[in-house]
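If you read the protein sequences in the order shown, they are chains G and W. Each residue of the first sequence is one higher than the last, beginning at 1 in this note's numbering. Each residue of the second sequence is one higher than the last, beginning at 1 in this note's numbering.
You may find that some hints are simply not true.
Identical copies look the same in the list; a pair holds intra-copy or inter-copy alike.
Straight-line C-alpha distance at most 30 Å; calculated DSS-like pairs for lysine-lysine [what the hints assert, rightly or not]:
1) K301 with K152
2) K82 with K240
3) K49 with K275
4) K141 with K82
5) K240 with K299
6) K18 with K177
7) K217 with K154
Simulated from the structure, these hints should not be mistaken for laboratory data.
There are 2 protein chains.
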Amino acid sequence: MTFELTILGSSSAIPTSKRNLTAHVLNVHERFFLIDCGEGTQLQLRRNKIRFGKINHIFISHLHGDHIFGLFGLISTFNMLKRDTDLHIYSHQELERILTEHIQFFERNLAYKIVFHHIKPEKNELIYEDEKITVETIPLKHRVPTCGFLFKEKPHLKNIKKNVVEKYQIPISEIQKIKEGNNYLFHDKIIPNTELTIPAYKQRSYAYCTDTAYSEKIIPIISNVDILFHETTFANNFKKLAKETFHSTAEQAASIAKQANVTKLIIGHFSARYKNVEIILQQSKAVFENTFVAEDGEKYKVDLQRE
Amino acid sequence: MTFELTILGSSSAIPTSKRNLTAHVLNVHERFFLIDCGEGTQLQLRRNKIRFGKINHIFISHLHGDHIFGLFGLISTFNMLKRDTDLHIYSHQELERILTEHIQFFERNLAYKIVFHHIKPEKNELIYEDEKITVETIPLKHRVPTCGFLFKEKPHLKNIKKNVVEKYQIPISEIQKIKEGNNYLFHDKIIPNTELTIPAYKQRSYAYCTDTAYSEKIIPIISNVDILFHETTFANNFKKLAKETFHSTAEQAASIAKQANVTKLIIGHFSARYKNVEIILQQSKAVFENTFVAEDGEKYKVDLQRE
């Protein structure tokens with residue numbers, strides 16, 4: 001029951017020799033969700049040994065080149081590898097037109113189907129759901145319509161204590177109800193659920209927020225997440241430039257993390273001007289201690305914990 | 001007076017964890033000519049410390065995605081870096097439409113001018129010339145119209161021997177003529193040019209041939225080049241598949257190199273099926289001993305030599 005984030009690219013619009021363009025992969029129970037797809041994403045997937053066939057869902061935050069130019073090559077490579085399962089892309093409507101025109105010119109016959117799901121980045125809404133997780137949009141504040149994504153496990157069921165099935169002769173038909181929290185009637189005696197179960201695992205969650213200016217509106221949506229990725233394009237001294245370009249400083253990202261009471265903050269989408277991002281890390285830590293710097297190829301796992 | 005090739009990507013259509021998509025850079029006297037531009041080229045330029053500002057000319061062999069998908073990001077990055085010098089792109093006419101539409105959507109204002117030079121890949125013709133070199137197209141045999149490129153230094157002048165200027169009292173006005181091979185009249189005596197000069201440096205040359213099936217038609221165009229890059233997508237046992245897909249085997253590339261009497265053959269554009277290309281190298285060497293395997297980041301210099 002894995003819940004693990006892999007950073008594929010941590011640069012902002014201009015890549016550096018060490019930082020690729022933006023893309024993250026979230027592994028939820030061996031389903032791999034690709035979030036943004038900057039140029040070189042397919043190469044980073046290869047280097048990080050993430051199998052192409054495991055990716056069926058791609059989420060795109062906004063239509064700036066540094067977040068999508070990797071789609072062309074990825075779609076092409078999927079085709080050459082004779083992919084035949086549907087590929088779902090969650091993005092602004094305009095991307096469908098762009099990709100469709102591209103595919104018409106560059107791919108004679110696409111062997112698989114691309115299913116476009118148009119999202120409205122200005123709203124917080126549920127855009128994906130399966131038996132394990134939900135994905136919601138997080139409206140962000142950028143120069144073009146942009147949203148982040150909140151990935152959240154569905155509630156886990158409680159676990160039945162050892163021996164109680166035998167002790168109270170619980171039939172299989174009742175097990176599910178007890179896991180859901182119900183008590184159990186045994187020879188006219190109510191056995192409380194707490195005596196039968198151990199607490200469920202906590203729902204794990206990941207919020208991806210880039211590109212964005214400082215926006216307190218996202219706080220209620222992302223509150224208490226296990227991992228928040230929030231962009232820090234700039235160090236604090238560039239607060240004015242951050243505002244003008246609708247990006248965030250270290251202090252702003254950390255302030256959002258603190259107010260939202262998240263467990264862990266990962267910062268990234270660094271301007272190419274920073275060869276060393278230590279200053280940005282220190283400025284973030286000054287406000288929110290549990291800050292980590294996104295590095296290409298780094299993985300962040302959220303372990304299962306009881307409630 | 002550098003003449004140096006850098007391999008940026010050596011994979012064929014599907015990149016691997018070690019081989020990027022196709023792009024080469026030729027440094028001729030500190031002018032950097034980019035040849036093809038697969039996805040990730042801007043990242044490879046960074047890693048190989050080739051300054052973006054040095055690239056003013058890009059040559060595109062054909063309109064398959066693995067040779068051009070890096071253009072979108074490169075054009076965008078040039079813009080963000082506030083490039084203001086013209087960028088010349090030599091390619092099939094259709095690329096102008098594709099890039100123009102792209103730029104209209106993704107780049108609000110392009111701060112520099114892109115000058116498109118339409119080439120006819122089916123003809124061997126001069127497409128670029130400056131005071132140092134010429135570039136000609138090499139018609140290739142692929143599924144879509146494709147050409148290679150022949151980069152050739154212009155003839156060097158001879159060098160004047162030490163002391164002869166003083167000995168024969170040669171005025172500055174005569175120096176250029178002597179360098180061009182003329183004799184010199186000194187007190188009614190003809191001094192032969194060989195007594196006045198040492199031989200000129202040889203013209204250095206590089207031929208880039210990918211993607212292509214075996215084609216003997218290219219031999220007269222590329223004969224005697226210092227470096228031939230010829231694709232070897234497949235080992236010899238895939239001769240049939242090579243023919244069907246209009247690619248070349250090791251033996252075919254080596255045979256072209258041998259017939260064209262080139263000095264050095266570099267093979268590349270390897271199918272992603274080869275984790276190890278030793279077999280392809282051995283098969284090429286069996287026909288043409290002076291074969292080298294293209295590796296990403298590798299440089300091949302041609303030193304100056306007297307005729």
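The hints, checked one at a time:
{"no.": "1", "hint": "K301 with K152", "result": "within (14 Å within a copy, 55 Å between copies)"}
{"no.": "2", "hint": "K82 with K240", "result": "between (49 Å within a copy, 20 Å between copies)"}
{"no.": "3", "hint": "K49 with K275", "result": "both (27 Å within a copy, 14 Å between copies)"}
{"no.": "4", "hint": "K141 with K82", "result": "between (39 Å within a copy, 25 Å between copies)"}
{"no.": "5", "hint": "K240 with K299", "result": "neither (32 Å within a copy, 43 Å between copies)"}
{"no.": "6", "hint": "K18 with K177", "result": "neither (52 Å within a copy, 52 Å between copies)"}
{"no.": "7", "hint": "K217 with K154", "result": "within (24 Å within a copy, 64 Å between copies)"}
Hint check: violations occur at hints 5, 6; the rest are consistent with the structure.
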